[in-house]
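> Starting from the structure of chain F, add chain Y where the hints point.
If you want the building blocks of each chain, they are given just below.
Protein chains: 2
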Amino acid sequence: MKFSIGKYDIYSKARCGRLETEHGSIETPIFMPVGTAGTVKGVHARELHNDIHAEIILGNTYHLYLRPGTEIIGHAGGLHKFIGWNHPILTDSGGYQVFSLAANRKLTEEGAIFKSHIDGSKHTFTPENVVEIQRKIGADIMMAFDECTPFPCEYKAAEKSMQLTHKWLDRGWNAYLNSDPLYGYSQLYFPIIQGSVYGDLRLQSAEYIATTDAEGFAIGGLSVGEPHDTMYEMIEVVNAVLPADKPRYLMGVGSPENILEAVARGVDMFDCVMPTRNGRNGMLFTMNGTINIKNKKWENDYSTIDEEGDVFVDKEYTKAYLHHLIISNEILGAQIASIHNLAFYLRLMKTIREKIQSGEFYTWKKVVVSSIMQRL
Amino acid sequence: MKFSIGKYDIYSKARCGRLETEHGSIETPIFMPVGTAGTVKGVHARELHNDIHAEIILGNTYHLYLRPGTEIIGHAGGLHKFIGWNHPILTDSGGYQVFSLAANRKLTEEGAIFKSHIDGSKHTFTPENVVEIQRKIGADIMMAFDECTPFPCEYKAAEKSMQLTHKWLDRGWNAYLNSDPLYGYSQLYFPIIQGSVYGDLRLQSAEYIATTDAEGFAIGGLSVGEPHDTMYEMIEVVNAVLPADKPRYLMGVGSPENILEAVARGVDMFDCVMPTRNGRNGMLFTMNGTINIKNKKWENDYSTIDEEGDVFVDKEYTKAYLHHLIISNEILGAQIASIHNLAFYLRLMKTIREKIQSGEFYTWKKVVVSSIMQRL
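Taken in sequence, the protein lines are chains F and Y.
The first sequence runs 1 to 376 under our numbering.
The second sequence runs 1 to 376 under our numbering.
Bound-form chain F, shown alone:
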């Protein structure tokens, strides 16, 4: 893999780059739709590629490991073949889900012991076997196994957790270097910064993980409830230390506003369930603000879903129709809202790249953030 930066914004830390993988290249800054258990919910693979113009998607190791399991994904020849997506895939390490979804989890120096939220069966994740699982899944980009601290988190606990994440990184990195890809294409391994909302811990963590020879670095443990300004501050702290020539991935973030602010601070990659999960609940993103399509005010609005949008659902369906579908719990409502929101996110990233290229990003961003999150 190769990462090259094509343009730096002179008024902010934003930059445009290109990340090359053996499944295709990715223009950064990029947003990765979340395909939890081997599917971006409600969206066909061809829609992801042809209509939404997704360049890379994310899979959740925790979910995929539990169901269908690595044996089946292995028999299929990897996740790309299993789900019919022949473009780049990144998998998280399962750390976040173990701590948020699994039952009876127990943390040790060795790793995490947990019970499946599906059938209660007992499992163990270690920095080593999480590499092995991601080798089997065959993601183009694998993530290190980390502990994600909740918010709020005491300084001492955050420090201890960060140190554990660092120890796990050493073991995971070693397992990565001493294992081979299974399907004939190379796989990267991104370490993750932790340290909660404490600048000195974040700095220490960024410095620590930067000592690895990794091809990219992730910022974890943010967008877990802390104020946005604190998140932006932490991003500034770590991006001052991370190698400038490597991609930076802000995990699980976020709203369009969060993304614009993080890009301005030098972040290159994003993922979030917001466009699909909120979409299924009737929340639509537009450049002029967000729409709760369940509101009665849209019941009689026969304008198309998004006049500025260019994906087919924006042009072929009306707000009144989508209101009806979401109110009626129709599958098609979830499908339309998910496609609209994902296409919106990907179009936003494309515009961000264009604005960086043309030197207008900083002034444009200021205008956009004032309107993009207002409620319509």
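Check before you lean on any hint, since a few could be wrong.
What the hints assert, rightly or not - Pairs of lysine-lysine residues, derived as DSSO-like cross-links and limited to a Cα-Cα distance of at most 27 Å, are as follows:
1) K41/F x K319/Y
2) K115/F x K296/Y
3) K366/Y x K7/Y
To be verified - Calculated Cβ distances over 10 Å to all of chain F for the following chain Y residues:
4) I5
5) S12
6) A37
7) H75
8) N104
9) N129
10) E154
11) E215
12) V241
13) Y362
Unchecked claim - Covered stretches of chain Y, going by a simulated chain F footprint (3 or more residues, C-beta under 8 Å):
14) 66-72
15) 161-170
16) 294-308
17) 312-322
Derived by calculation from the structure, the hints in this document are not laboratory data.
Values in this document were obtained by computation on a predicted structure and should not be read as measured data.
A virtual CB, placed ideally from N, CA and C, is assigned to each residue, including glycine.
Here is chain Y on its own, set in the frame of chain F:
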């Protein structure tokens, strides 16, 4: 509207025809996907047209009347515009749903009083207002308001019910003749035969409804639990009496085998929730038999969904993947199975028409019915 028959099969009562509406022409025998509440569940309008090759879809008056309601459909300029489907639509009359879904229904000579299954609100359907509702919906083909008898049903009750249906037909037909379409295109009105499983009642009913000058006729009250042979017998009785030059619509039927047998007895139009509802539960139709994709035997089967199928889901996804999606209750599983099954039904109808044209229908049908319903 015009119906013309292009070819009669010499070994059976099957025939090929063309039904022309102002939203496009329909090749018969045809299958109509069911779009209950303004959506064929899990399927985009463009998929219905481009991938499944549906020529006409069905909407349920009962569902559409309750939600979103005729006022909103009227403001949208009719159902076609509301749902983004610019091809023919048929609506049922609501009779069947009133008797199967609504609560506290009460039948009078005047009509049916019922409570909404959604919010308990009280409503009345009469032969007259059901015409008015369907005028507002704007279906190309509207159906008469009828009472659908359950199975089993005593002879006396079936006779009384049939007589009520006939009285309602007179009133509905009158309301139809004395009202105009609202959106600039003509709408047809099909009467419905009842009479349960009693040949003499069916004959009487067919003769009665044939006295109207309708452009097409429907056979209702079948596929409600009676043996298949009884259903086929009733079809034979009524088709001997119905005008040969008008389309015949067998309501709510059925399995591929049922359709093949009914076509052989002179039926031209079909609708059924089976391809979508059973699809959502993991049942797939193929020419070689049915698949329960939830079965463990498909867990490791990496062959495509249907090697004889030509719709994109058949070629882009594997059985193992669909097994995973359906087991995991993923929306995409319902989408894939619905598209596969609907495309299968429409392809089956196309093959039926080709076999009638080539004179092979009767011998081909014999072979197909012996395999098409076996369990794979």
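> So, for every hint listed, does it hold in this structure?
Quick rundown of the hints versus the structure:
| no. | hint | result |
| --- | --- | --- |
| 1 | K41/F x K319/Y | holds (18 Å) |
| 2 | K115/F x K296/Y | holds (23 Å) |
| 3 | K366/Y x K7/Y | holds (20 Å) |
| 4 | I5 | holds (35 Å) |
| 5 | S12 | holds (38 Å) |
| 6 | A37 | violated (6 Å) |
| 7 | H75 | violated (6 Å) |
| 8 | N104 | holds (22 Å) |
| 9 | N129 | holds (22 Å) |
| 10 | E154 | holds (37 Å) |
| 11 | E215 | holds (30 Å) |
| 12 | V241 | holds (40 Å) |
| 13 | Y362 | holds (39 Å) |
| 14 | 66-72 | holds (count 3) |
| 15 | 161-170 | violated (count 0) |
| 16 | 294-308 | holds (count 3) |
| 17 | 312-322 | holds (count 7) |
Comparing the model with each numbered hint stated earlier shows that hints 6, 7 and 15 do not hold.
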